[in-house]
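Protein sequences, first through last, are from chains A and B. The opening residue of the first sequence carries number 1 in this note's numbering; numbering runs sequentially from there. The opening residue of the second sequence carries number 1 in this note's numbering; numbering runs sequentially from there.
One side of the interface only, derived from the structure: several residues of chain A facing chain B at Cβ under 10 Å:
#1 LEU9
#2 ALA10
#3 THR42
#4 GLU43
#5 TRP58
Listed next, with one range per pair, are the computed distances between beta-carbon atoms:
#6 A:PRO60 to B:LYS92: 15 to 21 Å
#7 B:GLY181 to A:HIS3: 15 to 21 Å
#8 B:ASP71 to A:VAL204: 47 to 53 Å
#9 B:ASP48 to A:VAL204: 56 to 62 Å
No wet-lab data here; the hints were simulated from the structure. In this text, all values refer to a predicted model and were calculated from it rather than measured experimentally. Ideal Cβ positions, reconstructed from N, Cα and C, are used throughout, including at glycine.
Now for the letters of each chain:
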Amino acid sequence: MEHLNAETLARLVDHTSEPEESAHVAECEACSAELSALRSQTEALGSLPEIRPPQGDWQPLEARLRSEGLIEDAGLFRKMGLAQTPGWMRATAAIMLFLSGTSAGAVLNARGAPQPLGGLAMRASPTSFASSANVEDAASAVRLAEQNYVTAFARYQELLISESGIEAGFDPMSRYAALEHMAAVSQAAVRQAPGDSFLNGVLVSVLGEREATARLVASQNDWFDGRESTTQLVASRSNWF
Amino acid sequence: MRESSEGLSEDQLIRLAADGDARAIRTLYDRYSPRVYAVVRRIAGDDDLAQDYAQEAWIRAIRALPTFRGDARFSTWLHRISVNAALQALRKSETRTKRERPVPEQIPVAPRREDALLQRQLERALDVLPHGMRRVLILHDVEGYTHEEIGDTLGVTSGTSKSQLFKARAKMREMLSVLDGAAQENGAEAWSI
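With the rest of the complex left out, here is chain B (with noise of 0.2 Å):
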């Protein structure tokens, strides 16, 4: 009995997780989790939302898994899967009344010592930016799409969308700066120029 599925090849794995393998689904969770919450959590700049989001995520992704057919790498596939489904469930959740549940803290993958710092006020300037700059931000520095491909998957022409990364970047840059001043105020090592 295989009891394991490690050691399998991601195609096999897929296909299997396909076939609703639990182990196998399983297996890409453990291998892929960090990086879609990571994006879903930004883009929701909010902890519980991002539980949501990153369910929601996984669910079209396996429900999707039998369409894979391996013309882009599943890393590739499942990000934009995730993307999408956080931009749609934001959109419907923008109006919505926060919820009272205990904040779980995030846990960055093996953040460096020295750059501890610079992300967690990165990640907090990204939480407080407007909804319509942030989603550009994180996905043109942060996940490295272009504006056309922001455009299409916002619905917005790319001028807009380099409209508001300007904005965005410069709206980042004077919150980090508050937040590079308070630092300072308090002995941390500024991390900015």
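Pulled out of the complex, with its shape left as it was, chain A reads as follows (with noise of 0.2 Å):
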């Protein structure tokens, strides 16, 4: 008796059979065990486990996926606990970020007290940040910072113009009109949330920055170097990124 072919009993594991190869089987030991252990063999391979990848496969991962684009960096607000802010606030926090150097500290210290840096926080270097806990964050929080500086200008120079109608020029009066309008959104800013030690400091550096142009206003004397135009400030601080 001849037996079936190893490709033959492989079809018959989920495959009708012919008379014939029915026939055969029902008679041939050898054929019906080999087919029995081809059952087997299918069956098994369908209950294969799932495989663990090698301990530390994610970390490459996550570096190829950071330098993509694919993973972004937990945001300056969402780092803050302030994801669901509305977005009125959040223009305004950004604002202070250009008033007071005191925000970025924040962001950077968020566990702590903020941490003056003394002017700006363009002006802020990496280094500082050396003591944070993940330099990455750092600097993601710099750039998000940066790209908030520039946002605050555009947003100060709209604030020129329709409270002041000037369209250039930092003249202590149009900014005193200015800052007396994100004194007022600030404070509205806090009655929405008035815990939140993000948008109190805001407001705390918003008044502190509307009395000392008041100070200047009074005194007539220049408070930004240069006299820069907005325009021109702003294009000249794009070059730094």
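Combine the two chains into a complex, taking the hints into account.
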């Protein structure tokens, strides 16, 4: 008696057999056993378990996802627990990055007291954040602060125009008018989130700036180096990024 | 502040991951990486290649996440991407020269003790199966693809897929018989009849 070949038996695992094939398997113990083994093999293949990737497999993947921009660092506001903050409040806070260097310090020291960086957030060197637990997070926060800084200038220009009609120039009177407006916005933000330390800090900064500007107005002294126009200033700062 | 992605629904995780949320992506990775790695590992037949293929599969999947509409289950969608990524990469690497890299040990997810020998023998036999046969066998017998789906995936007819499958099963049976005999000689319990 001629046995069924291996490929025919492999087909019979899950395909209907021809009558003569069925008859042969019924009579031939060897072919019947071989078919049974093939069925066991197929069943075992279908039950193979998942395989854990080697340890450390995530790190190179994460690096590549970041390099391709598929992972975004947690944003400034998310880091500070302000992800649900309305857009207008966030815009106000962004303006404060321009007005007060303390904001960047607050971002990078979210668990501690804000650390003044001495001037505009943009001027902070990355080395200032060496104590940060995660240098990458710190760099990300700085990049975001830079973006917000530009946004702040653009917004400030809008405010200058809307408040004073002056399209260029940082004269103290226009600035004071803009700060009045921002103080009102900040106060509204704090009323909506009275327990928010960041927004309270923003309000304090705005009020402080308003007071300082009021003194400048009183003394009629120029307060900004070089009296650059807002447009010129934004353009020159943009070259830093 | 949300410190963890645990407790979020899969839909929420997917939406966050599509927006680039690192924790959501990591959660999806932790949840599905054994499934992704298993299929690419078996298609690759090689550990170091499998790591590259798995990475490629994840990159493709995360890149495509914004297009995921939920018509299929996420696991199914991810699985298809993984298979395609591995098959495409395998085609490119068939003429490769094997790189020198320490080979990590495969860690099956919770293998039952009585299945361990059988699984090891199956995986070993799969690794040495010719590429064409292995692809079809894995897609059909391991992953449950139909011959039509295999034909679409590999660009062959369903008849070719069937033919390759039967050859692959027979070849596997032959190799397992040898491995099984060797195991019995070494005192291990035979798994097959």
